[in-house]
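Colleague: Listed here are the chains, written in short residue letters.
2 protein chains.
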Amino acid sequence: MRLSLFSDYSLRVLMYAALKGESFQMDEVTKAYGISRHHLAKVVQRLAQLGYLETRRGRQGGITLAKPPEEIRLGRLVRDTEGQPAIVECFDPATNTCPINGSCQLKGILGQALRDFYAVLDRHTLKDTVHGPHRARMTKVLLG
Amino acid sequence: MRLSLFSDYSLRVLMYAALKGESFQMDEVTKAYGISRHHLAKVVQRLAQLGYLETRRGRQGGITLAKPPEEIRLGRLVRDTEGQPAIVECFDPATNTCPINGSCQLKGILGQALRDFYAVLDRHTLKDTVHGPHRARMTKVLLG
Numbered sequence: 001m002r003l004s005l006f007s008d009y010s011l012r013v014l015m016y017a018a019l020k021g022e023s024f025q026m027d028e029v030t031k032a033y034g035i036s037r038h039h040l041a042k043v044v045q046r047l048a049q050l051g052y053l054e055t056r057r058g059r060q061g062g063i064t065l066a067k068p069p070e071e072i073r074l075g076r077l078v079r080d081t082e083g084q085p086a087i088v089e090c091f092d093p094a095t096n097t098c099p100i101n102g103s104c105q106l107k108g109i110l111g112q113a114l115r116d117f118y119a120v121l122d123r124h125t126l127k128d129t130v131h132g133p134h135r136a137r138m139t140k141v142l143l144g
Numbered sequence: 001m002r003l004s005l006f007s008d009y010s011l012r013v014l015m016y017a018a019l020k021g022e023s024f025q026m027d028e029v030t031k032a033y034g035i036s037r038h039h040l041a042k043v044v045q046r047l048a049q050l051g052y053l054e055t056r057r058g059r060q061g062g063i064t065l066a067k068p069p070e071e072i073r074l075g076r077l078v079r080d081t082e083g084q085p086a087i088v089e090c091f092d093p094a095t096n097t098c099p100i101n102g103s104c105q106l107k108g109i110l111g112q113a114l115r116d117f118y119a120v121l122d123r124h125t126l127k128d129t130v131h132g133p134h135r136a137r138m139t140k141v142l143l144g
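Chains A and B are the protein sequences, given in the same order.
If you count by our numbering, then the first sequence holds residues 1 to 144, one letter each, in order.
If you count by our numbering, then the second sequence holds residues 1 to 144, one letter each, in order.
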């Protein structure tokens, strides 16, 4: 079971933003994690559309969190960043081809498993990911 | 969040086997679900290696479940069929490039979410997927 690379990068840039606590540039993030600028640019743009980041152009420009880390719930965030990829095809009516959809008992079981997965994420916010005894080390590694 | 196509096909062929209750041919399964024979052949071979299916060649040959459906626990099965794709790269030491691995608090949260996901599947067996009031309809659609 895999989260999309899009979700992975979203979580990374938001954690960076939460640790930084002030405006930053995209290049800082690509350097900190060693990830592709091209892909990250799309992620930042989408996170701005979704209301997680604010971006300003120009000399005074940069990226900041659009709301406090404690108000960004991980369950909502990952549901937003996962978007369309259904756990299996029958969870998306647009792509389903399975003939037993509608009577299949597996779908209910997978649906419950997915709800329990997101229930754990719903109990945590972005703040929890950068909080605690490891905050100093994370800050040192990412922000230098 | 997505299961691999390999897991998806594995679940389908095992549900088919459980509904059939006797030896069957691969072509029956590809026809029933309208899926690729090429991909299904790999799935059947791997499920035989993993001890979920038995395959016999020759005129009396065919595919059968290697154990009763009530002894095939979905959590174990999906862990087996998912294999390597880690939920995010840091769950696989061989592919991790993230510099905050080891101090990142998100990893523990995602790990717990994944355990809760599999805990739901661990409460069910293959028998549960083909049992109950919808069994007759699933049998009609798949087996004709």
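None of these hints come from the bench; they were simulated from the model.
Check before you lean on any hint, since a few could be wrong.
The list treats identical chains as interchangeable, and a pair is accepted whether it falls inside one copy or across any two copies.
Below, a list of computed lysine-lysine pairs in the DSSO-like style, where the Cα atoms sit at most 30 Å apart [said to hold, decoys possible]:
#	residue 1	residue 2
1	K107	K42
2	K107	K140
3	K20	K107
Colleague: Now tell me if each hint is right for this structure.
Modeller: Hint-by-hint comparison with the structure:
1. K107 / K42: between (32 Å within a copy, 24 Å between copies)
2. K107 / K140: between (44 Å within a copy, 18 Å between copies)
3. K20 / K107: between (42 Å within a copy, 20 Å between copies)
Against the hints set out earlier in the document, no violation occurs for any number.
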